[in-house]
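Visitor: Each chain, written out:
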Amino acid sequence: MKLTKISGQTGTVTTATPAIKSVTRREFLQTSSLMAGGSLLATGLSTGMMRKAQAADAAKPAAANTKIARTICSHCSVGCGIIAEVQNGVWTKQEPAFDHPFNLGGHCAKGAAIREHGHGERRLKYPMKLVDGKWKKLSWDEAINEVGDKLLQIREQSGPDSVYWLGSAKHSNEQAYLYRKMASLWGTNNVDHQARICHSTTVAGVANTWGYGAMTNSYNDIHNAKAIFMIGANSAEAHPVALQHILKAKEENHAPMIVVDPRFTRTAAHATQYIRIRPGTDVPFIWGMLYHIFANGWEDKEFIRQRVYGMEEIKAEVAKWTPAEVENVTGASEAVVKRAAQTMAQYRPGTVIWCMGGTQHTIGNNNTRAYCILQLALGNMGVSGGGTNIFRGHDNVQGATDFGVTSDSLPGYYGIEEGAWKHWAKVWDVDFEWLKGRFEAGKYEKGKDKDGNEIEIGVMNTKGIPVSRWIDGVLEDKANVAQKDNIRAMIMWGHAPNSQTRGTEMKKAFEKLDMLVIVDPFPTVSAVMSERKDGVYLLPATTQFETYGSVTASNRSVQWRDQVIEPLFESKPDHSIMYLLTKKLGFDKEMFKNISVKGEEPLIEDVTREFNRGMWTVGYTGQSPERLKQHQQNWGTFDYTSLRANGGACDGEFYGLPWPCWGTPEMKHPGTANLYDTRLTVAEGGLNFRANFGVERNGVNLLAEDSWSKGAEIQDGYPEFTADLLKKLGWWDDLTEAEKAAAEGKNWKNDLSGGIQRVVIKHGCAPFGNAKARAIVWTFPDPVPIHREPLYTSRRDLIEKYPTYEDRKSFWRLPTRYKSVQTPDHAKDYPMILTSGRLVEYEGGGDETRSNPWLAELQQHMFVEINPRDANNAGLKEGDDVWVEGAEGGKIKVKALVTERVAPGVAFTPFHFGGVFQGKDLRDKYPEGSDPYVLGEACNTAFTYGYDSVTAMQETKCSLCRITKA
Amino acid sequence: MARMKFYCDSERCIECNGCVTACKNANEVPWGINRRRVVTIKDGQPGERSISVACMHCSDAPCQAVCPVNCFVTTPDGIVLHNKDTCIGCGYCFYACPFGAPQFPTDGAFSSRGKMDKCTFCAGGPEEADNSPEEFRKYGSNRIAEGKLPLCAEMCSTKALLAGDASVVSDIYRQRVVNRAASALLGGSGLQQTGFQPSVAGTGVTSVPPESGKATAEPTGMPADDVPPSTQVPAPLQ
Amino acid sequence: MNDGSVKNPGIEFWDAVRGHEGAETGQVRSQVTSIDSTTLINPMGEEWRLYRMDMLIPTAAIVLGLTLLAIVLFRLIRGEIKIQGGYSGQKIKRFSTFQRYVHWTTAILFIVLALTGVILLFGRYIVIPVFGAEIGGTLTWLCKRTHDFAGPAFGVALLVMIITFIKGNMPSRIDLQWLLKGGGLFGKHASAGRYNAGEKAWYWTIALAGTLVVLSGLVLDFPNFDQGRNTMMYSHWVHSIGAVILIAFAMGHIYMGTIAMQGAFEAMQTGYCDSNWAKEHHDLWYADMQEAGKIDEPTNEPAGTLQLADNKS
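As they're listed, the protein sequences go chains A, B and C. Just so we're aligned: 560 in this note's numbering is position 560 of the first sequence, and the numbers increase by one with no gaps anywhere. Just so we're aligned: 226 in this note's numbering is position 226 of the second sequence, and the numbers increase by one with no gaps anywhere. Just so we're aligned: 215 in this note's numbering is position 215 of the third sequence, and the numbers increase by one with no gaps anywhere.
The set of hints was computed from the structure by calculation and includes no laboratory data. Keep in mind that the hints are not guaranteed to be accurate.
[Unchecked claim] 20 Å max Cα-Cα, derived DMTMM-like pairs, lysine to aspartate or glutamate:
{"hint": "1", "chain 1": "A", "residue 1": "K819", "chain 2": "A", "residue 2": "E476"}
{"hint": "2", "chain 1": "A", "residue 1": "K93", "chain 2": "B", "residue 2": "E28"}
{"hint": "3", "chain 1": "A", "residue 1": "K226", "chain 2": "B", "residue 2": "E11"}
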């Protein structure tokens, strides 16, 4: 109402026009530093200017009590740098990190709103439990004791596999590593995280093609691309800062940008060619392109001869995909497919980018391999500007995957074979037999040994239940689950449930559990989704801004985060909670044997050093905390395009030591910015394809031919290195005596001294050998990637020709249905194709972002996008409430958004909403004061059954629904 | 003398709304007030473009002209500020501004709008001491006084939103235009929307009209650009 | 085709913005959901600015100034219009208490609104330079808030007044003659009924223009119904033009009702008028009253004030 008196202006009340006071401001504006800042942020291209601006920044006297923290955005995998200013423990300002090589200070809505984490007004504030349907506050001691006692009781009754440890892509690397270790020492492989439902098919498909299942180049390397091919990737919303790099290539290299997507996305709006395909027809589309490439001889024949195995079989499959058939299946005409093929052939190197549009399918692994094969055929692999730039999802989903928070591998993709366990037992300094004894003694599954004899597989070596299927692990008849008992306790540690399909069944699963433990900064939808009255515990965890540690961006760069603020309320960082829990469960001694614990907080640097000692396969061994911190302090010295430091403390190293960073930290390997690039020596970050699939198959050589990385002393293909091979080559004596002692009988993956890697690299070779990439993965259900219609398809006429798989009795411990789902005609009642995706304002299940008012204000309603044609036919208007009913009966009540973004017959829903279930608002079920600002129906309530044939990735990109006015 | 301007490059803007939340971050404006917004035109159609809009800090500002209490002031740097102590919340600036920049905390009955709020180019308010708590409470941060530019532009994810001295901004923009023109000459092309238009069972739709004229069947080379030959530079910058 | 010209990549965009492309089909969107947030450039704003600054303010100043001038000139030329026969002491009841309450409520609200409105219109040139930004701003703010609340009240009062005073204000043939004779202001006698044509004109002006001003004012006063900028701008046009007309008219009315004419003010003050006054200015009404026997015998009572007005009626 009333105007406050203007301080210090009492004598000027009669001044007609308030004078502008600041001489200083004017002075500032006249200085060149501001102008430099202006042009820097405008072009974002010149590092010289960048440093000037930085200098101007540094010159500014900060308040005496101001602390500057350098941290990394905790939303997506781009890994944007953030400069946080903290005064008296309060996060008061967020400044753009102009010198950070990934984002040059740029942020999307989420990154620009990250400081709101410092407010945390909607956080889960105390440990709580549900008693008679009411939330009751607990002390940490009570909470840990009650949860621990129940876990031990379940372990006693049903064995360790009845507890499911659902981890998170939001962990730091150290926390992720500890999490996998904790589950392992508890004695189960029932541990998983978001990677299962985001890029597991990429990891499996890509790793099985050429060695490592990760983004091969980097966001920055896209600057060098001469063409950009994006399929199933809406980076403008999912990875906005990636567009900074993509648009740079588009504008400065004149690179055509092809976007293939069922939906006309914000990314498509910037494309030079946009191609709409029917959801789930990626393989036919890629084969359609290859049809033209092969027909016109546009493939890189020399590259294929030297470095690719199995392309002939691909050609045979591709020949079936005539332009007419491609058009019939995908909807894309010959002319457009040919034009895309021609563009990619004409402009090389071109990069291929994909995201969840390609991965989340029952044939996700076929899709990802098809994309790889396109790049192999074009010879775009192992070159700057080429590669498969697979944009991972969460900020540390790459790291959490690398550290094996998955039900099928230990850290470093060692797998869960006995050798892997022995390796890690040695790194952890625990007795292997003790470790084995922690697991269930019986056998669940039968397998085949190397000679093809049927053997029983130990529980320790049996893949656990994946997160996509945990509900079946709870609900499925005990007799059908390949373990001693159903899952009885769920630990949801930083994982939203609404990102998983089959919401209606998930609700039942939540209700059937003996105990549900939610460890998260927010209560999440898990806390409110079910009708449970008790047996739910909420343990408040911190965000990554209240702790510190390393995080791996999509491009494999490992970045160090400072702690910004102290833990808010009573929350504790994940690793402290893990310590408390393992102490209660009685294996803290083994777990933290070589990690010092201060009070209740394990020392992060010790954890980093411990994994440095064991992560030889993927080269997480050179990134010591000291080196990572040095990179963090020298952001500005790294080149914006190559990521290589130009002078300074990290001279010659790639930013964040992108793995593989071979050998010990002392070896000072610079990291590998672009994978498989033979133009550099291995010591400089060069590589070739990995020899991981044997040396020959059916008499055909699998090793590379006439191709090797620069400076290799073996100028041909070679297998992976072992102690024996070193001896044969006469390199053994290059090892020191200590290294020899450690390396004897070992190979490059389990020699803890790092000597084998050191010597091999000294001789210019890649520790993992030098082989061809394989276009056919003979260990997969579809060795040659083929098209199979989705389980819920509207093209019934194609099922006969492109049927799905047969049902499986036991797949990841569970019966898995394919054909029996596809056979009934669902399209009759559910005519619309339903697909899902991201919004820029929200992330994942959205509990965090929907609790941030700066973001929540921008997306206040869950909606479904429908084409005007469908809307008119159904009598719907923009903004109407509609029911979207999934083909399995799950219904969501949402707002209609009528738009031509989607084709007629296709409906799109974002997946970040939760807190409303089938029309019922669950707001009053949240603990008081911790309900997100925005609630909405979870699209996955309507999404249906369907799992990838290799990784059990859920199908969320292609289902069926019907939409009616509510 | 510098003249501070914003310019949003619609070729780069991807509607990530980073500028919108950066503004909230810098100025802690409450829910309901958006000093900056991103508008997308031709949503979902070829030619879709987004643009970020806020106060343009006009040289001859209409808000300033119509204010019944003359509470606006143009700083020597060309930033249009207003005095919230003088502001009476009449809404005239809101009518006059072509860009919809003025915002009001409430839209209450009896014209109870509260004090007008708008983008300050992160230059705080006209009256209070630079970066005083009082200034922050009323106007948000004063980055200009610290030698920094508005946070929205500094944080723009794709460097679409430019801020700074008009001559620097237009130099950068001109450079981009030249780059893109070269790109067009060398074979870049306009958007082509093509592909899947399925018939939908059960909805009575049996066929969908083809995207006539959009599919291209150029046998060789990249299709020619269909760019209108225009050299006119629009003048969102004064 | 490429003719070597440098294409501005923003050109299509700005063309589209200017042409409001897509706006009709709802294909312009923004995640910011405030009023008109999807309007990128509203050219109406500039028109409105030109209207307000170049048209309204100067024109209003001229109109109101000329009105004042006319009144002053009229005063100088004509002087006070006396009751030629002097006060008779004989009172005729002209207005009921209710009518007087309605009149004065409306009148006070009108004056408040007019003054505050005028300050909103011209304050920038008067209030702020004189009092400074802080005090001037506060005063103007008080004016604005008063205007905001008095407006709807005035609307109610106006409605009641229109109903209350409609009797006798219907136009008749007499009015034409009255007008032709210039209302008798310059010597010649003009016959009039209960209300003369000038009063009727005022009645109908305030009834019609007043209603428009009130309605448009309500549009401006209640932005909570999500009316867009354009609606409010149109309303402002109506509101401001109507208000200026009303104020000008009111100035004349106030002058005529107060110091211009002996015996006029007391009619609305006490409810009674002097019979000589009635005879001279409303002869037809006087005749009617006489016929109906509603004219009291002469008394020596002084005229009561409004506050002390009796409740006899």
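Visitor: Please go over all the hints and tell whether each is borne out by the structure.
Guide: Here's how the hints hold up against the structure:
1. Restraint check for K819 (chain A) and E476 (chain A): the C-alpha separation of about 19 Å stays at or below 20 Å, so the hint holds.
2. This hinted pair checks out: K93 (chain A) and E28 (chain B) have alpha carbons roughly 11 Å apart, not beyond 20 Å.
3. For the proposed pair K226 (chain A) and E11 (chain B), the alpha carbon gap of about 19 Å is at most 20 Å, so the pair holds.
In this structure, none of the earlier numbered hints is contradicted; all agree with it.
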